[in-house]
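Listed below are the residues making up each chain.
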Amino acid sequence: MSFLEVRDLKKHFPIRTGILKRTTGHVYAVDGISFSIEEGETLGIVGESGCGKSTAARVILRLLEATAGSVVYDGIDVMKASRVEMQRLRRDMQIIFQDPYASLNPRMRVRNIIGEPLRIHQIGTPAERRQRVIELLETVGLNAEHAERYPHEFSGGQRQRIGVARALALNPRLIICDEPVSALDVSIRAQVINLLEDLQDEFKLTYLFIAHDLSVVKHTSDRVVVMYLGKTVEIASSDVLYDRPQHPYTEALLSAVPIPDPETERNRRRIVLEGDVPSPTKPPAGCVFHPRCQRAQEVCETAMPPLECTGDAGADHMVACYFATRYEGVPQRDAPGKDTGEAPAR
Amino acid sequence: MTTSSSLSDWRVRHQASLDEARYNARVFFKDKLAVVGLVIIVVTIAVAVLAPHIAPYPAQGRGDSNLKERFQAPSTHHLMGTDNQGRDILSRVIYGARIPLIISFTVTAVIVIIGVPLGGIAGYYGGRVDEVVMRITDVFLAFPSLILAITFVAFLGPSIRNVMIAIVVSWWPWYTRLVRGVAVSLRERPYVEAARTMGVRNLTIIWRHILPNAFGPVIVQMTLDIGTVILAAAALSFIGLGAQAPTAEWGLMISEGKDYILQQWWIGTFAGLAIFILVLAFNFVGDGLRDVLDPRSKR
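So the sequences go chain by chain: Z and D.
Offset between the first sequence (1-based) and this note's numbering: plus 67.
Offset between the second sequence (1-based) and this note's numbering: plus 2.
Just so you know, these hints were derived from the structure itself, not from any lab.
Certain hints may be false.
[As the list claims (entries may be wrong)] Cβ pair distances, simulated, as ranges:
1) Z:N179 to D:P160: 36 to 44 Å
2) D:D289 to Z:E106: 55 to 63 Å
3) Z:G92 to D:E133: 19 to 27 Å
4) D:L205 to Z:P327: 31 to 39 Å
5) Z:A257 to D:V37: 15 to 23 Å
6) Z:I86 to D:L52: 21 to 29 Å
7) Z:G191 to D:L148: 54 to 62 Å
8) D:D140 to Z:S282: 31 to 39 Å
9) D:I104 to Z:K147: 34 to 42 Å
10) D:F278 to Z:A211: 35 to 43 Å
[What the hints assert, rightly or not] Covered stretches of chain D (chain Z as the covering partner; in silico rule of three or more C-beta atoms under 8 Å from a C-beta of chain Z):
11) 96-105
12) 187-201
[Said to hold, decoys possible] So, partial list: chain Z residues that the calculated Cβ filter (under 10 Å) puts toward chain D:
13) M153
14) R157
15) S170
16) P173
17) P184
We treat Cβ as the ideally placed atom computed from N, Cα and C, and that holds for glycine.
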C-alpha cells in the first residue's frame, strides 16, 4: 500500500439553471484520475490551466467532496473519514498556494497566521506557540522581527515563505504544493524551490507538486503525472518522461519548454497544438485529446484509451494513447477496432 | 526610561498599523466636506452631552412651559424665538440633539450586530442556509421600510424605544445582503481554504477570516445609513409615533410648529434645519470614509 493512493477520483460540478435549479449538465473537472505517491517522494502533476489539477488537490484534501473514487492516506480512506478522524488527518496534510497575495489573511499579523494551526489543534502553551512561530520563521529564512508584521509588508517571495511556514506548523507528512512558484518572479522561484527541497530532506516530507511549467516539475519531481481535461494521459518517472515521452500531448508540452541554448532552440521541431482546450462541460467523446491531436484516427473518437504500460519505455511508464510513441523498435500494440498498423513517426 | 523604550518598542511593532492609519487619515482629511461633516458631528455630540450647561433655558429645554412669553420672534433674549408654550427654541434644539444621536448610534449598532453575522453565515455556508436566510431578508425587504416601521410602532405603542425596535426590524436585512455578497467572494480565497485545511471550524473561519475582511463596506454603509436612520426616527416622531411631548425632539418640534408655519415660522424651521445639517454631515463623512476604505478608489 502506498503512502497516498488516489483511485479513479472524479469531481463533477453540477450546472444548475432556471428557477427550479435543475441540473442541466456537469463540469467534468476531474474525471477519473489514479496515481499513488510513496513516502518521501515528490509527484508532479502538470497540465494546462483548467485541466483539473487544482480541483484534484482540493478533493484530496477534502476541501471539496469527491463525486466518486477514493483517496487512501496511510491506510485511512480520506473520503470516508469521520469528523474526528478528519481533524487528525488535517495535521498531516497541508497545502501551499499559488497566489502568495491571496493566501494570507490581510487582517492578521504573521504571528497569528502561522500560529493559527497550532492554536486550533491546541498545541503547547501560548508562550510555547510563540516560540514555535519564531522557529518556523527561521526555518523558512525569515526572522523573529517579521512576526509582528502584516502580509502587505512583504514581497511575494517572502509571503510564499510565510505560507510555507504555516503549512509546516503542524509537522505535516504530505504537502500539496499548488503551483507554488507560478506567481513569483523568475529570480525568486529558484529560492523557493530550493527551500522546499531543503525542507523535504529535513522533515522527510512527501510532496504533491502541481505546476503548468514542465521545467519546474522536472527539477523537483521524482515522477510526473500529465493531465488533460480531467484525465491522466501519462505517468512516468520524470527523467523518462522528458527523454521518452509517449503521449502526443506530453510531446507538445515538452516542445514548448524553452531550451537555454540558441542553437538547439532554433533547430528543434516545435509541436504547436491547434485550437483551445475543449470545455470541460462537454468533453469530446472518445479520447479527450483527439480534436487537437495530429495522430487522431477514427478509433480515437470511440473510446478513451486506457492508461497502460506499453513496456518499452520503462516499467512504471503508463500512457493513455492508441498511438503512443514507441521506442527501440518495439512492435506497435494493436489498436482496438480498425487497425492502421502504422505507428506515427516521431 | 523604561516607558520611553517600551513606547518606541510599541511604535516599532505597530509601525504598519500606524503608517496605514496615517495614510488613511491623510486621504480622509483631504476631503474638505468630510472634515466639515466630522466637525459638525463632533460639535453636535458635544452640544448634546453638555446641553444642561449650554442651553440658555435648560428647564424649558426639558419641557417646562413659560406661557408669558409665547410666540416670541427671534431676538437677543431668544435667539431662535419661542414656541406656542413660550419655550426657548434654541434650548429645545440643543436638547433635541440627544435623541437622534442616541437613536442613530444604537440602531445602527444593533443592526450591524444582527445583520453582519447572518450575512457572513449565509455567504460562507451557501446552499440551503444561504437560501433560507436570504428568503427571510427578501420578505423583510418586500415591505417599504417606513410603512413596516409605522405598523410596528402602531402595534407596540408610540415611544422612542419602539421606534428603535421598528427601525432595526426593517433595516437589518440590508446589512445581511451586503455582507453576504462580500462573504461569497471571500469564501473562495486561498487563506480561507488554508484555514479549512488546518481544520479551523466554520464559525471560527467566519469570525476570524470572513467578517474582518468584510468590515470596510459595512463601516461605509453605517455612516451613510446613520443619516437615514435620523430621518426615519424624526419622521416617526413627526407623525406622533416616536417621542412624546413635552420631550424636545426635532421631528416632534417640526410637527408642533406646522400649525404656525406662516405666522411663527421659527417654531418648526430651526428644528428642521438642525435635522438637515446633521444628516448632511453624516453623509459627508460617509462619502469621505468610502474614499478611504473602498479599495477601488484607493491608491
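CB-CB spacing for E133 of chain D and G92 of chain Z relative to the 19 to 27 Å hint: holds, 21 Å
Given coverage of the stretch 187-201 of chain D by chain Z, tested with a Cβ cutoff of 8 Å and a minimum of 3 residues: Coverage by chain Z holds here, the residue count being 10 at a Cβ distance below 8 Å.
Given hint P173 of chain Z near chain D, where the shortest CB pair must fall under 10 Å: holds, 7 Å
Is 34 to 42 Å a correct range for the gap between the Cβ atoms of I104 of chain D and K147 of chain Z? Given about 56 Å between the Cβ atoms, the range is violated.
Given a hint of 15 to 23 Å, does the C-beta separation of A257 of chain Z and V37 of chain D actually sit inside it? violated, 51 Å
Just tell me: holds or violated, for the beta carbon distance of I86 of chain Z and L52 of chain D against 21 to 29 Å? violated, 58 Å
Taking the CB of D140 of chain D and the CB of S282 of chain Z, does the distance hold inside 31 to 39 Å? violated, 53 Å
Would you check whether P184 of chain Z satisfies its interface hint, that is, whether its CB is within less than 10 Å of any CB in chain D? holds, 4 Å
When the nearest CB of chain D is found for M153 of chain Z, is that gap smaller than 10 Å? OK, holds: M153 of chain Z within 10 Å of chain D, min 7 Å.
Can S170 of chain Z be said to touch chain D, with a Cβ gap under 10 Å? holds, 4 Å
Okay, F278 of chain D versus A211 of chain Z on CB: inside 35 to 43 Å? This hint is violated: roughly 56 Å between Cβ atoms.
Okay, the stretch 96-105 of chain D and chain Z, do three or more residues pass the C-beta test at under 8 Å? violated (count 0)
The structure shown violates the earlier hints numbered 1, 4, 5, 6, 8, 9, 10 and 11.
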